[in-house]
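S.K.: Sequence:
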Amino acid sequence: MIARITAALLVLPAMVAADSKRIVVRGTVVREGTPTPIAGASVLTDRGAIAVTDVDGYFAIEVGPEDRELTIVATGFGTKTVKIIPGANRIDLAASGGGSEVIEVSGKAPEETKPLSYQLTVDEIRSIPGAGNDILRAATVLPGVARIPFSFGGLVLRGTSPRDTAVYLDGIEVPIAFHFGGITSFYPSGMLSDLTVTAGGYDSSYGRAAGGLVTLTTREPRTDRWRMGGSIGLFDSNVQAEGPWKQGGVLIGLRRSYLDRIVDPFIEEDAPLPSYWDFQIRTSWGDTRKRGRINPMIFSSIDRVASNDIALTSLFVRIAAPYKLQRGPTTLQITPWFGTNRLTFTDKGGEFEGDVEESFSRPFYPGGVRSELLRDYTWGHLRGGLELESGYLSKTQINVGGEDEFGGDATLSWTDVALWGETRWKLDGERFAIKPGVRLEVYGLTGELVVDPRLNIHQKLTPNITLRQAIGRYHQPPTPGDVDPTSGNPALDSSVTDQVSLGVDTILPREIFASFTGFFNYGTGIGVKARDPRPGSDAPEPNLGGLGPTFELLLEKQLGFAVYREGIGRARSYGLEVLMKRNVGRWFTLLSYTLAKSDRTDDPRVLLGWRAFELDQRHNLQLAASVQLTKWRLGARLQVVSGNPYTEETIDLATQEFRSGVPFGSRLPVFLSIDLRADRRWHRCWGDIVFYIDIQNAANRRNIEGRELGFNEFTGEPEQQDLRGLPIIPFIGVEFRPLI
Numbered sequence: 000m001i002a003r004i005t006a007a008l009l010v011l012p013a014m015v016a017a018d019s020k021r022i023v024v025r026g027t028v029v030r031e032g033t034p035t036p037i038a039g040a041s042v043l044t045d046r047g048a049i050a051v052t053d054v055d056g057y058f059a060i061e062v063g064p065e066d067r068e069l070t071i072v073a074t075g076f077g078t079k080t081v082k083i084i085p086g087a088n089r090i091d092l093a094a095s096g097g098g099s100e101v102i103e104v105s106g107k108a109p110e111e112t113k114p115l116s117y118q119l120t121v122d123e124i125r126s127i128p129g130a131g132n133d134i135l136r137a138a139t140v141l142p143g144v145a146r147i148p149f150s151f152g153g154l155v156l157r158g159t160s161p162r163d164t165a166v167y168l169d170g171i172e173v174p175i176a177f178h179f180g181g182i183t184s185f186y187p188s189g190m191l192s193d194l195t196v197t198a199g200g201y202d203s204s205y206g207r208a209a210g211g212l213v214t215l216t217t218r219e220p221r222t223d224r225w226r227m228g229g230s231i232g233l234f235d236s237n238v239q240a241e242g243p244w245k246q247g248g249v250l251i252g253l254r255r256s257y258l259d260r261i262v263d264p265f266i267e268e269d270a271p272l273p274s275y276w277d278f279q280i281r282t283s284w285g286d287t288r289k290r291g292r293i294n295p296m297i298f299s300s301i302d303r304v305a306s307n308d309i310a311l312t313s314l315f316v317r318i319a320a321p322y323k324l325q326r327g328p329t330t331l332q333i334t335p336w337f338g339t340n341r342l343t344f345t346d347k348g349g350e351f352e353g354d355v356e357e358s359f360s361r362p363f364y365p366g367g368v369r370s371e372l373l374r375d376y377t378w379g380h381l382r383g384g385l386e387l388e389s390g391y392l393s394k395t396q397i398n399v400g401g402e403d404e405f406g407g408d409a410t411l412s413w414t415d416v417a418l419w420g421e422t423r424w425k426l427d428g429e430r431f432a433i434k435p436g437v438r439l440e441v442y443g444l445t446g447e448l449v450v451d452p453r454l455n456i457h458q459k460l461t462p463n464i465t466l467r468q469a470i471g472r473y474h475q476p477p478t479p480g481d482v483d484p485t486s487g488n489p490a491l492d493s494s495v496t497d498q499v500s501l502g503v504d505t506i507l508p509r510e511i512f513a514s515f516t517g518f519f520n521y522g523t524g525i526g527v528k529a530r531d532p533r534p535g536s537d538a539p540e541p542n543l544g545g546l547g548p549t550f551e552l553l554l555e556k557q558l559g560f561a562v563y564r565e566g567i568g569r570a571r572s573y574g575l576e577v578l579m580k581r582n583v584g585r586w587f588t589l590l591s592y593t594l595a596k597s598d599r600t601d602d603p604r605v606l607l608g609w610r611a612f613e614l615d616q617r618h619n620l621q622l623a624a625s626v627q628l629t630k631w632r633l634g635a636r637l638q639v640v641s642g643n644p645y646t647e648e649t650i651d652l653a654t655q656e657f658r659s660g661v662p663f664g665s666r667l668p669v670f671l672s673i674d675l676r677a678d679r680r681w682h683r684c685w686g687d688i689v690f691y692i693d694i695q696n697a698a699n700r701r702n703i704e705g706r707e708l709g710f711n712e713f714t715g716e717p718e719q720q721d722l723r724g725l726p727i728i729p730f731i732g733v734e735f736r737p738l739i
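Each step along the sequence shown adds one to the number in numbering that gives the first Met the number 0, with nothing skipped, and position 573 is 572.
Keep in mind the hints are simulated off the structure, nothing from the lab.
Check each hint, because a few of them may be wrong.
Claimed, not checked - Quick list of in silico lysine-lysine cross-link-like pairs, DSSO-like style, CA-CA up to 30 angstroms:
1. Lys289 <-> Lys245
2. Lys82 <-> Lys425
3. Lys82 <-> Lys289
4. Lys113 <-> Lys596
5. Lys113 <-> Lys425
6. Lys596 <-> Lys528
7. Lys347 <-> Lys394
8. Lys425 <-> Lys394
Stated by the list, open to error - Pair by pair, the computed Cβ-Cβ distance ranges are:
9. Asn699 <-> Lys394: 45 to 53 angstroms
10. Arg680 <-> Ala310: 22 to 30 angstroms
11. Lys596 <-> Pro668: 17 to 25 angstroms
12. Pro489 <-> Gly608: 25 to 33 angstroms
13. Glu707 <-> Leu575: 44 to 52 angstroms
14. Leu387 <-> Leu253: 28 to 36 angstroms
15. Leu607 <-> Glu707: 18 to 26 angstroms
16. Leu448 <-> Lys82: 53 to 61 angstroms
17. Met227 <-> Trp424: 44 to 52 angstroms
18. Leu671 <-> Lys394: 45 to 53 angstroms
19. Thr714 <-> Gly446: 54 to 62 angstroms
Even glycine gets a Cβ: it sits at the ideal position worked out from N, Cα and C.
Construct the complete structure from the given sequences, taking the supplied hints into account.
M.R.: As structure tokens, this is what we get:
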């Protein structure tokens, strides 16, 4: 039985300055007989212009004298055509035909004049072998995203540091994208609608990130009836529920890991084991075109690595209430939020009689508000906003034997203020557009006023080929730990990175999407470890071998350790990104390749010249494919990635002195892995049961992930010893997916 669509079209003529015969048609697409909006429906004119409805079912499309009708199509619904009648207040559409026809539609949203962003939907993520159904792990298949040793979590875009990448959920920045070890991301993919990776060249609406952006969008909760779903996996389980609540909808999720319980009988006693919790609550009330839509939400992530005696706990909580109001061509969005980050270490003692429990922590309380105002015109748009973000880093709190005391007098509080604006001009329809913008920002930690001009241009060479250019400047302030008065450097300023990119994307025959992007980044004022000139301070010991530098990069922003740095480093990266993707019918195929080079300079008083970045990967090839059979989906993924740089070390047996080679002058062997995935679906009246097995490193190839100085067990001679990667790892689970 085909579902029917009712589209309420509110036709509001808007005269175009350049052509008085053109009007803008605005309206909503909803389910017949209900107010439930349909997101992702395509609205097409006779001449082929297309608009895609948003989460509220709203669209706006420009029509000309040659357009007589609008056609509305949506996956899983019928298709309808309606005549354009300027001045009509309402046009009701009934679905055509009957039977069980399902319409598949493939289209692009209106051009936004932005650098190429790589997107993955939840369904595509479930088709990528090796991702384990995790949305952020799946991002590693995209161009410009580096592979992390041991396939751990972390997002490294275009050779920048992990601390240079910002992750946003519904406009709220999160401090830790992955649970400890990178097993899974902090947010379950079943609650998300999509993921977008902008590796560089993003517009002026975001700042404080010198690399790129990863934006996650939560899907709207259903409001017609309650549904429940979840999954049971080898490492964790989660449950989700959604449905109507107080004239709106609510979406709830809870996840708990139990890897520590499973492996505990098989490892040494008192070995620290990881575990994690996360929960999410998102609500939705109102209508964006009346009094506005508000989405109060709270989400949290709790990670713990513990043994019988010690425990390291990291958690963050965010509470927010995004609000959106749309009146004709004007859209207002406001996102207030606040939260806390906590890192706590506890030592229960017990090694010797009389030992007492000790713990320390240093809470961090951030908060802020993002606001944005957009006004559409026939020639383009005007867009701007104000962003405030404050934080308070409290004193170090030490507890010995149940008595609280402070470990120092150093506290930090600050407020960052940003004002940004942009305009977009389009010529000849959507064939050419230019979008200049500027971001002014005051950093409370450093007292700086920075100005970041940015420019995006696109040219539609043919209906299927688009050329894109982006150039801009991106400042990034230091972390609170970097400017800590006790162990950091209060005089440290922000770093600045200049980015330029040129890309082309096209639709090839057989609905193959292809893109090619060249990029160049150059950064100065990079904070690097240096000797602390203050009396009584010891110089930091260099750590250039093994995996130490890599994981230090991954954790330095998330955990916020205080380190003395000076802004004397430089960074440069350049390369080419290639993506080819087809997701039509039973087949999903994706090929991505990144050719890149990334270099750094450190303290010129110690190291001279350029050296390879710790996560420099010259070649990164990803090839994934899957096919849907009757009830099974089978897939495979091949990864071929250049080995990471490392520093060779040796020891002079006569003097017992350690000697280091050229910093990061050597390179590990090529990483090669094959991942396999199979899932089986059983359909039930309430939804689907899906069993999946996702096997990482199915060939059990023990890749070399690092090298460190050791001694030959037979001769006693010093030698570089290999640190082997993980063996074959199966992600096995069962999903319960309710009917959408």
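S.K.: Take the hints in turn and mark each one as holding or not.
M.R.: Consistency of the hints with the structure:
{"no.": "1", "hint": "Lys289 <-> Lys245", "in the structure": "holds, 17 angstroms"}
{"no.": "2", "hint": "Lys82 <-> Lys425", "in the structure": "holds, 27 angstroms"}
{"no.": "3", "hint": "Lys82 <-> Lys289", "in the structure": "holds, 26 angstroms"}
{"no.": "4", "hint": "Lys113 <-> Lys596", "in the structure": "holds, 24 angstroms"}
{"no.": "5", "hint": "Lys113 <-> Lys425", "in the structure": "holds, 13 angstroms"}
{"no.": "6", "hint": "Lys596 <-> Lys528", "in the structure": "holds, 23 angstroms"}
{"no.": "7", "hint": "Lys347 <-> Lys394", "in the structure": "holds, 22 angstroms"}
{"no.": "8", "hint": "Lys425 <-> Lys394", "in the structure": "violated, 52 angstroms"}
{"no.": "9", "hint": "Asn699 <-> Lys394: 45 to 53 angstroms", "in the structure": "holds, 50 angstroms"}
{"no.": "10", "hint": "Arg680 <-> Ala310: 22 to 30 angstroms", "in the structure": "violated, 41 angstroms"}
{"no.": "11", "hint": "Lys596 <-> Pro668: 17 to 25 angstroms", "in the structure": "holds, 19 angstroms"}
{"no.": "12", "hint": "Pro489 <-> Gly608: 25 to 33 angstroms", "in the structure": "holds, 29 angstroms"}
{"no.": "13", "hint": "Glu707 <-> Leu575: 44 to 52 angstroms", "in the structure": "violated, 33 angstroms"}
{"no.": "14", "hint": "Leu387 <-> Leu253: 28 to 36 angstroms", "in the structure": "holds, 32 angstroms"}
{"no.": "15", "hint": "Leu607 <-> Glu707: 18 to 26 angstroms", "in the structure": "holds, 25 angstroms"}
{"no.": "16", "hint": "Leu448 <-> Lys82: 53 to 61 angstroms", "in the structure": "holds, 55 angstroms"}
{"no.": "17", "hint": "Met227 <-> Trp424: 44 to 52 angstroms", "in the structure": "holds, 49 angstroms"}
{"no.": "18", "hint": "Leu671 <-> Lys394: 45 to 53 angstroms", "in the structure": "holds, 49 angstroms"}
{"no.": "19", "hint": "Thr714 <-> Gly446: 54 to 62 angstroms", "in the structure": "holds, 58 angstroms"}
The structure fails to meet hints 8, 10, 13 from the earlier list, while all remaining hints are met.
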